[in-house]
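Enquirer: As they're listed, the protein sequences go chains A and B. Heads up: the first sequence at position 299 corresponds to 299 in the numbering used here, and the numbers run straight through without jumps. Heads up: the second sequence at position 3 corresponds to 3 in the numbering used here, and the numbers run straight through without jumps.
No wet-lab data here; the hints were simulated from the structure. Honestly, I wouldn't trust all of these hints.
As the list claims (entries may be wrong) - Here are some of the chain A residues that sit facing chain B, going by a computed Cβ distance under 7 Å:
| hint | residue |
| --- | --- |
| 1 | Glu6 |
| 2 | Gly16 |
| 3 | Lys51 |
| 4 | Ile58 |
| 5 | Gly96 |
| 6 | Thr101 |
| 7 | Arg105 |
| 8 | Cys108 |
| 9 | Val110 |
| 10 | Glu172 |
| 11 | Asn254 |
| 12 | Val256 |
| 13 | Asn287 |
| 14 | Gly314 |
For glycine and all other residues, C-beta sits at the position ideal for the given N, C-alpha and C.
This is what each chain is made of:
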Amino acid sequence: MLDQLEGGPWPSFVSGLKRLAGAQDKPYAGMMKDLLGQLERSYETKRGYWKGGTVGVIGYGGGVIPRFTELRGEDGKPEFPEAAEFHTLRVMPAPGMHYSTDALRKICDVWEKYGSGLIALHGQSGDIMLQGCSSRNVQPCFDEMNELGYDLGGAGPAVRTSMSCVGHARCEQSCYDEIRAHTQIINAFLDDMHRPALPYKFKFKFSGCPNDCMNAIQRADMAVIGTWRDDIRIDQDEVRKHVSGSTRQAVIDNVVTRCPTRCVSLKDDDTIEIDNRNCVRCMHCINVMPKALRPGTDRGVTILLGGKRTLKIGDLFGTVIVPFMKLETDEDFEKLQALSQNIIDFFAENALEHERTGEMIERIGFANFLKAIGLEPDPSMVLHPRTNPYVRTDGWEEEVAKWNARQGAQDTGGAP
Amino acid sequence: MSDPAKPRMPVESGVPDAFQFMHPILKKNYGKWKWHERPRPGVLHHLAESGDHVWTVRAGTQRQMDVFTVRKLCDIADRYADGYIRFTIRSNIEFIVGEETKLAALIAALGAAGFPVGGTGNSVRTISHTQGWLHCDIPGTDASGVVKALMDELHEEFANERMPNRVGITTSCCEINCGGQGDIAVNIQHTKPPRINHDLVANVCERPAVVARCPVAAIRPAVVNGKPTLEVDETKCVCCGACYPPCPPMQINDPEHTKIAIWVGGKHSNARTRPTFHKLAVAGLPNNPPRWPEVATAVKKILRTYQQDARDWERIGEWIERIGWPRFFELTGLPFTPYHIDNWRGGRGSLNASAHIRLSAGTGSGR
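So that you can see chain A by itself, here it is in the shape it has in the complex (with noise of 0.2 Å):
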């Protein structure tokens, strides 16, 4: 059955087994062979053949994911022993993905010598994936790898491997330098990566702007998206020329009623007039004319939390928690390594065992959530404020005060 997803005009990943399996003269050719005789099966029953197991490294108490045959004869001996233990090494890639050739093949060599051949590049959660390693050999790859300035990623309940967009290297649209941030927080984290102890997994994620290229709002527990609080920056020229290039109504259909908050204008000199205290950083005007349109200079990021996918509860989106941040300094970038240190601290003692940021969240409240991290509630967290009155509300003048001073506070300017 595999056969036939060979041919066709995308690249095929079964034709990439097969080469690995007719390398005869590997060290692999034996395991990627008997991989293709389980994957074929699965194939022809409709069933999966792999269980989990516990193998790791010397120091690390995640960063592999075992997996074991479970296909085997009635003397318990597996159909395809060569590939009856075929683990994957999770090991984290430079931010943004980036490699040079010389990298890429220094990962082929070591991971011809110790597995099976097969790389993914890369997993769901952003990981280099060596797929296809024995038991005996994860030990001897690793530290290779390890020599070679790699080191394993997240798996299980606990800080996983981040992924960052390509940001401040090759694009224009990026709010703030996106692999200082991933470098910095991740590796603040490093213990709760590589010994995991957390109620569940934990998940950074960074987009340079709100196009949030790497589905943080939707799929990190603390997405951290760039955006800016001055003005978009306009190239009237540029406008003109993209109005020459395309027609006035296009312009009109496409930029002007498309902004979600009705803040953009065309006049009549084919210039474009925005009002940016209405505009709500969606990045779609600057998506349809990137020449004319530039995200303003006072950048920073905007911080949700609690996103993730649909076990258990359903999925759900991270919320604001920060609506906005300057992150350029140090103080900037280790005030943001304070309040990851503080959010996991919180979710490490409160958190039920396998329950994820959002779904605490859910359970004990936004607002108690707020309280117990010791940010200020602010209305860019809400759509509406609450629409039911069952909330004991006696602490009224005291929160109206808080509020009072804070305002006080920005109105001088005044820190925090």
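Since chain A is already given, all that's left is putting chain B on it; use the hints.
Expert: Leaving out everything else, chain B in the frame of chain A:
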């Protein structure tokens, strides 16, 4: 290193330095880019504040790559693209060059080696990829095979930018939905409760943890044939498979009853509208390897309808939001069933609490 008395301890080096692997022009202009344009599908052209230019060529890969394929891509990068590459979140490879004159040879080399160039702008993007039968311990279907079969059918839309807006298709081989939210999501949907091997549960499963895993509290301790085990209240069970990972004797996968559902309208970006979750379009499709033809037919029907009916820049979810769900089901010819109505927590928020109904002559019952 091999002395068992003194094991090698890991160097906890964490995230590798990205700058050592970054194309020199990207490194030089880090954080200082001015604008970009797309000269053709699969190619991005960026201008830096410094006046430097880079061109990026994006190509699809099979994600699960053998070392020979990886080295072939390295050879192409060494010969045509300055020796640097990067990967996107959807497993596309990107080659970066500083001179426009290098593009033609690079694109030709990729074509000759069988890597389709595309995946930019308003194209169908590479389908997001999970593990499936190749490596997952709980898969209802394969991942790489579904992606390969669908991309074979959609590759022309990958290589062109002729959709109203980008289309991100995702796949997930169980209901955990590792593939994430998609404009079109192809996900496993189990239709029967788990089949329990009562002989194994007590030895293999941590029973209280399994009970706690169930989203509808349908699992309870039981004794069968004198052995402690678990049982499922099948009237409550929503067949999600959450009990299967912590308790493999509660087998949820079934060759016949494990089906495929297609969901539409998921969106990650904040552009125009807030991010959205995908919604159920059709369920009950057979899990039919090696090429899943029924899934391909349904995906193409939704895609073509969107292509014909949506306006510029509308993502699939935004298009449906404009025309309304009744019209979506009418145009695609897909049935609307009780299973489309959300009974889960918060589900009332998805009901129509208004008299806003798109009517036309002949709508509804009566004359």
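Enquirer: Regarding the hint that Gly16 of chain A lies at the interface with chain B, is the smallest CB-CB distance below 7 Å?
Expert: Nearest chain B Cβ about 4 Å off; hint holds.
Enquirer: So, Asn254 of chain A near chain B? Judge it on the closest CB pair being under 7 Å.
Expert: 5 Å, holds
Enquirer: Against chain B, with CB atoms and a cut of 7 Å, does the hint on Gly96 of chain A hold up?
Expert: Since the shortest Cβ distance to chain B is 5 Å, the answer is holds.
Enquirer: Can the hint on Lys51 of chain A be confirmed by a CB-to-CB distance to chain B that is less than 7 Å?
Expert: Holds: closest Cβ of chain B sits about 6 Å from Lys51 of chain A, inside 7 Å.
Enquirer: Given Cys108 of chain A as an interface hint, is its Cβ closer than 7 Å to any Cβ of chain B?
Expert: Holds, about 4 Å.
Enquirer: Using Cβ atoms only, decide whether Arg105 of chain A comes closer than 7 Å to chain B, and label the hint accordingly.
Expert: 6 Å, holds
Enquirer: Does Val110 of chain A hold up as a contact with chain B if the rule is Cβ-Cβ below 7 Å?
Expert: 10 Å, violated
Enquirer: Any CB of chain B closer than 7 Å to the CB of Glu172 of chain A?
Expert: Status holds, d = 4 Å.
Enquirer: Close enough to count: is the Cβ of Glu6 of chain A nearer than 7 Å to one in chain B?
Expert: 9 Å, violated
Enquirer: Please check whether Ile58 of chain A passes as an interface residue: C-beta within 7 Å of a C-beta belonging to chain B.
Expert: 5 Å, holds
Enquirer: Under 7 Å, Cβ to Cβ, is where Thr101 of chain A needs to be relative to chain B, so tell me if that hint holds or is violated.
Expert: 4 Å, holds
Enquirer: Does the interface hint hold: is Gly314 of chain A within less than 7 Å of chain B, judged Cβ to Cβ?
Expert: For Gly314 of chain A, the interface hint holds, since the closest Cβ of chain B sits about 6 Å away, which is under 7 Å.
This entry does not satisfy hints 1, 9 and 12, going by the numbered hints stated previously.
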